[in-house]
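> Mapping of the sequence shown onto numbering that gives the first Met the number 0: position 423 corresponds to residue 422, and the numbering continues sequentially without gaps.
Any given hint could turn out to be false.
As the list claims (entries may be wrong) - Calculated lysine to aspartate or glutamate pairs in the DMTMM-like style (CA-CA distance at most 20 Å, straight line):
1) Lys72 <-> Glu17
2) Lys696 <-> Asp373
3) Lys180 <-> Glu44
4) Lys235 <-> Glu422
5) Lys426 <-> Asp267
6) Lys224 <-> Asp373
7) Lys224 <-> Asp423
8) Lys72 <-> Asp8
9) Lys426 <-> Glu233
10) Lys5 <-> Asp118
11) Lys696 <-> Asp679
12) Lys131 <-> Glu104
13) Lys131 <-> Asp92
14) Lys696 <-> Asp680
15) Lys235 <-> Asp423
16) Lys131 <-> Asp46
17) Lys426 <-> Asp46
18) Lys131 <-> Glu44
19) Lys426 <-> Asp685
20) Lys696 <-> Asp685
21) Lys5 <-> Glu55
22) Lys180 <-> Glu7
23) Lys224 <-> Glu55
24) Lys180 <-> Asp8
25) Lys131 <-> Asp169
26) Lys224 <-> Asp399
27) Lys224 <-> Asp374
28) Lys235 <-> Asp479
As the list claims (entries may be wrong) - Ranges of calculated distance between the beta carbons of each label pair, as one might list FRET restraints:
29) Ala106 <-> Glu317: 42 to 48 Å
30) Ala371 <-> Gly338: 38 to 44 Å
31) Arg107 <-> Leu323: 29 to 35 Å
32) Leu282 <-> Ala91: 38 to 44 Å
33) Gly387 <-> Glu195: 33 to 39 Å
34) Leu451 <-> Arg107: 31 to 37 Å
35) Gly721 <-> Asp267: 30 to 36 Å
Bear in mind the hints are in silico, worked out from the structure with no lab data behind them. Using N, Cα and C, we set each Cβ at its ideal position, and we do this for glycine too.
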Amino acid sequence: MKQQSKIEDLLPLSPLQEGLLFHALYDEREADLYAVQLTLDFHGELDAGRLRRSVEAVVRRHPALRAAFRQRKSGESVQLIARAVQVPWQEADLSGRPAAQAEAEAARLAEADRTRRFDMTRPPLLRFTLLKLADGLHRLVFTHHHILLDGWSMPLVFGEVFEIYARDGDASALPGVRPYKDYLSWLATQDRTEAEAAWRHALSGAEPCMVAPAGALRESVVPGKCVSVLSAAETKALGERARGLGVTVNTVVQAAWALVLGSLTGRDDVVFGATVSGRPPELDGVEDIVGMFINTLPVRLRLDPSETLGRLVTRLQEEQTQLLAHQYLGLNQLQSLAGGELFDTLMVFENYPIDEDAFDDTEDGLRVSAVAADDATNYPLSVSVVPGHDLEIRFDYRPDLFRLEQAQEVLDRLVRAVLSITEDPDKCVGRVDVLPAPERVRLLALGRGTGLRTAPTTLAELFEEQATATPDATALVSADGELTFAELDARADRLAAMLTARGVRPESRVALVLPRDSSALVAMLAVLKSGAAFVPVDIEYPAERIGYMLTDAAPVLTLTTTTTRAAVSGTGVAELVLDDAETVRTLAATDVARREDRTRVSPSSPAYVIYTSGSTGRPKGVVVEHRSVVNLLRAHQAEFYGPVSGGRRFRIALTASLSFDTAWDELLWMWAGHELHFIDDRTRRDPDTLRDYALDKSLDLLDVTPTFAQHLLDSGLFSGPGHRPSVLVVGGEALGAALWERLAALEGVSVHNFYGPTEATVDVTSTGLADASWPAIGRPVGNAGVYVLDGRLRLVPVGVPGELYVSGEGLARGYLGRAGLTAERFVADPVTWCAGTRAVSWSSWAGPTTRSRSAASASNSAKSKRP
0 MKQQSKIEDL LPLSPLQEGL LFHALYDERE ADLYAVQLTL DFHGELDAGR
50 LRRSVEAVVR RHPALRAAFR QRKSGESVQL IARAVQVPWQ EADLSGRPAA
100 QAEAEAARLA EADRTRRFDM TRPPLLRFTL LKLADGLHRL VFTHHHILLD
150 GWSMPLVFGE VFEIYARDGD ASALPGVRPY KDYLSWLATQ DRTEAEAAWR
200 HALSGAEPCM VAPAGALRES VVPGKCVSVL SAAETKALGE RARGLGVTVN
250 TVVQAAWALV LGSLTGRDDV VFGATVSGRP PELDGVEDIV GMFINTLPVR
300 LRLDPSETLG RLVTRLQEEQ TQLLAHQYLG LNQLQSLAGG ELFDTLMVFE
350 NYPIDEDAFD DTEDGLRVSA VAADDATNYP LSVSVVPGHD LEIRFDYRPD
400 LFRLEQAQEV LDRLVRAVLS ITEDPDKCVG RVDVLPAPER VRLLALGRGT
450 GLRTAPTTLA ELFEEQATAT PDATALVSAD GELTFAELDA RADRLAAMLT
500 ARGVRPESRV ALVLPRDSSA LVAMLAVLKS GAAFVPVDIE YPAERIGYML
550 TDAAPVLTLT TTTTRAAVSG TGVAELVLDD AETVRTLAAT DVARREDRTR
600 VSPSSPAYVI YTSGSTGRPK GVVVEHRSVV NLLRAHQAEF YGPVSGGRRF
650 RIALTASLSF DTAWDELLWM WAGHELHFID DRTRRDPDTL RDYALDKSLD
700 LLDVTPTFAQ HLLDSGLFSG PGHRPSVLVV GGEALGAALW ERLAALEGVS
750 VHNFYGPTEA TVDVTSTGLA DASWPAIGRP VGNAGVYVLD GRLRLVPVGV
800 PGELYVSGEG LARGYLGRAG LTAERFVADP VTWCAGTRAV SWSSWAGPTT
850 RSRSAASASN SAKSKRP
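Make the full structure from the sequences, and use the hints.
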């Protein structure tokens with residue numbers, strides 16, 4: 000007689016089974032995330048033997064529960080249905096322990112069972128543990144691999160367990176079952192051509208929609224969890240709204256998640272995964288088949304800001320309905336059609352509760368309570384929605400990628416979005432702000448610099464005050480000698496009087512085409528005293544650029560020397576050659592007017608016009624007023640100068656070109672009473688020469704680009720013996736992570752990163768490298784507002800790319816002679832909307848790790864500080 004095979008059947012895998020098997024075999028050293036656990040508490044007199052027989056009967060009835068999974072030599076995966084299996088069953092009596100100890104031990108045993116991996120090649124991939132917690136109280140722990148069962152199957156399995164138990168373990172009276180094999184056979188007969196065409200159309204143009212940091216690995220990590228529960232009234236209102244719109248609650252929550260996902264990614268075209276039942280209505284009796292039918296599919300939704308929330312929801316359901324007949328394609332196949340991975344978030348709507356009243360009519364009064372499920376996915380962020388009297392929304396998140404607070408914030412946004420749709424479906428999508436009030440308040444606080452009181456004054460007045468306070472202190476060291484504050488002030492006074500005599504007035508402009516010596520700073524200060532704005536012109540600029548700047552700025556006068564005047568020859572602008580013999584004699588004889596007799600300069604008068612690089616078009620002249628530079632001085636005095644200098648006079652290196660506004664980062668130290676070293680061109684460009692100068696002159700602070708800082712590090716400036724600069728400021732370009740770490744590790748050196756556009760007066764944020772573990776632009780300076788907004792001028796959450804908006808006292812007047820561009824870029828403050836307040840939109844950017852860090856510590860992946 001031929002021996003009967005132990006294998007009852009050999010079957011293919013469903014699409015999701017293939018994915019689950021891959022993850023089960025991918026890393027066999029860690030706990031399998033797809034080990035699902037269900038616990039049921041039984042109250043009353045429970046017959047353990049009878050329950051075990053009932054469980055074994057159900058396993059015998061359903062072939063899908065006896066499956067094992069193997070790979071053939073060809074690489075194809077198959078499931079082997081065993082003819083008979085021994086159902087793993089264990090029992091433990093904890094009733095002799097105090098209740099708390101019994102619960103703790105029950106939890107430990109359940110966790111140990113859940114984390115014990117299944118051997119995918121040996122059936123059955125399920126096991127049961129029955130725990131007696133007390134007299135009349137038992138807990139059944141059912142652990143299985145998700146590859147066997149979907150959530151829909153769970154009540155089918157336990158419905159039969161309960162019914163067989165009620166029949167004293169006898170399953171003979173139950174009707175026959177339709178095997179899972181029938182579904183797999185139906186699946187094999189489908190013509191996929193039409194389905195592929197439908198999905199190709201639905202996903203056309205879709206781009207990856209990811210919330211996890213770039214480069215994050217798809218690993219098996221035990222997820223963290225957080226939960227929010229809608230009240231009974233909110234749940235009822237949600238259900239009524241869904242019915243009124245003719246959609247399901249699931250569709251409403253999916254639309255709400257799309258809104259949140261849009262805010263998380265800064266996109267109006269989002270894609271996320273959703274778990275569908277996968278049970279084809281064409282297959283008779285499919286609703287009673289036990290097995291793995293569910294499938295994970297992409298849900299794509301375009302967010303139109305002018306569309307109402309109600310229309311958004313109904314459109315989502317219409318678009319998904321068109322794909323219902325094609326939900327059997329596997330995710331891998333769909334990603335191939337779309338050109339790659341599309342999403343890393345998943346939404347699951349769990350609409351298959353266990354019937355807790357199944358035992359209510361039994362003679363022994365046994366009843367079930369406290370049904371709980373524990374499962375997970377490998378997605379960085381998963382949303383599970385559990386309907387009921389109080390709708391529950393659960394987030395599973397990877398703790399190696401997100402903190403609990405971050406996950407809870409996103410969950411709070413989802414709840415807010417759900418309630419927004421429930422409360423006002425006629426509101427336009429573009430008017431929905433998913434940020435809960437506490438988060439919005441926190442973001443506003445993070446983006447607001449310290450409030451400082453600054454008396455209205457000018458740069459000229461402040462310098463004169465400093466010269467009066469410290470007349471004999473050295474103010475300037477340059478290639479042509481040293482000047483005290485009194486000497487520099489007096490020379491500037493005489494030149495200012497000459498300028499006034501030549502017709503220079505407030506609101507006029509004077510071009511500076513001068514060498515890097517004291518004449519340049521005397522001229523700068525003199526122009527400020529005259530009330531005009533200076534326009535610095537680098538003599539090394541190409542002649543075409545110099546000509547353009549002078550034509551565009553239309554200065555009433557150009558200040559040059561005999562060595563620099565050639566740079567402006569032929570421009571037709573009136574010149575004053577400062578080292579010309581006649582000019583020198585005139586200056587010496589000039590009677591300096593009393594300061595109180597001078598033309599009164601307003602704090603709102605222009606102080607300078609700085610031209611941008613022109614990298615995004617022709618160069619633009621940015622007009623900056625005295626009040627804005629004075630505000631920066633006050634902010635740095637309060638937040639930077641004192642803390643880093645310890646109250647002593649510093650020696651500061653001015654290495655920047657005066658044609659870049661970053662020079663003010665060094666110049667303002669002199670305005671605050673410190674000694675400024677105006678470094679000549681040869682020295683400032685050679686790291687070794689600058690190192691020697693810094694050591695010889697005992698400089699205390701250098702301000703350079705990150706690239707030049709790298710060269711200074713390599714030169715040994717900060718590692719050699721003797722006096723070294725104690726402060727290093729970097730800016731002007733992105734500061735990479737490797738250099739950040741190297742600079743932050745310098746001993747005895749305080750390193751700071753400054754960031755800001757010319758349009759907002761040099762610096763709008765700053766940070767000490769020791770205060771952040773990643774490249775960041777830091778916190779706003781005093782009286783500045785720095786916010787990251789989306790395309791509809793809403794605050795974006797932390798971790799989201801957006802447009803940088805800067806407001807506050809540092810804002811420039813605008814672009815010289817370009818009213819249209821000024822109106823476009825300098826807009827009404829979109830955060831405060833206070834009358835008369837403005838903001839400048841600066842750059843679209845995203846940070847390296849979690850994208851925008853909002854105002855608290857925004858990434859400096861945009862060019863920092865200089866144009």
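> Indicate, hint by hint, whether the structure satisfies it.
Here's how the hints hold up against the structure:
1. Lys72 <-> Glu17: holds (16 Å)
2. Lys696 <-> Asp373: violated (68 Å)
3. Lys180 <-> Glu44: violated (38 Å)
4. Lys235 <-> Glu422: holds (12 Å)
5. Lys426 <-> Asp267: holds (17 Å)
6. Lys224 <-> Asp373: holds (11 Å)
7. Lys224 <-> Asp423: Given that 20 Å is the threshold and the Cα spacing comes to 30 Å, the pair is violated.
8. Lys72 <-> Asp8: Within the cut-off at roughly 19 Å; holds.
9. Lys426 <-> Glu233: Within the cut-off at roughly 18 Å; holds.
10. Lys5 <-> Asp118: Between Lys5 and Asp118 the Cα gap is close to 18 Å, so the pair holds against 20 Å.
11. Lys696 <-> Asp679: holds (14 Å)
12. Lys131 <-> Glu104: OK: Lys131 and Glu104 at ~11 Å, within 20 Å.
13. Lys131 <-> Asp92: holds (5 Å)
14. Lys696 <-> Asp680: OK: Lys696 and Asp680 at ~17 Å, within 20 Å.
15. Lys235 <-> Asp423: Status holds; Cα separation ~15 Å.
16. Lys131 <-> Asp46: holds (11 Å)
17. Lys426 <-> Asp46: violated (57 Å)
18. Lys131 <-> Glu44: holds (11 Å)
19. Lys426 <-> Asp685: violated (61 Å)
20. Lys696 <-> Asp685: holds (16 Å)
21. Lys5 <-> Glu55: Holds. Lys5 to Glu55 sits at ~17 Å (cutoff 20 Å).
22. Lys180 <-> Glu7: Distance of about 12 Å is within 20 Å: holds.
23. Lys224 <-> Glu55: violated (33 Å)
24. Lys180 <-> Asp8: Roughly 9 Å between the alpha carbons, so the hint for Lys180 and Asp8 holds.
25. Lys131 <-> Asp169: Violated, because 24 Å separates the two Cα atoms, which is more than 20 Å.
26. Lys224 <-> Asp399: Status holds; Cα separation ~13 Å.
27. Lys224 <-> Asp374: Distance ~11 Å between Lys224 and Asp374 Cα, so the pair holds.
28. Lys235 <-> Asp479: violated (82 Å)
29. Ala106 <-> Glu317: 42 to 48 Å: holds (45 Å)
30. Ala371 <-> Gly338: 38 to 44 Å: At 40 Å between Cβs, range holds.
31. Arg107 <-> Leu323: 29 to 35 Å: violated (44 Å)
32. Leu282 <-> Ala91: 38 to 44 Å: At roughly 41 Å between Cβ atoms, Ala91 and Leu282 fall inside 38 to 44 Å, so the hint holds.
33. Gly387 <-> Glu195: 33 to 39 Å: Since Gly387 and Glu195 have Cβ atoms about 38 Å apart, the given range 33 to 39 Å holds.
34. Leu451 <-> Arg107: 31 to 37 Å: violated (57 Å)
35. Gly721 <-> Asp267: 30 to 36 Å: violated (58 Å)
Violated hints, in rising order: 2, 3, 7, 17, 19, 23, 25, 28, 31, 34 and 35; the structure is consistent with all others.
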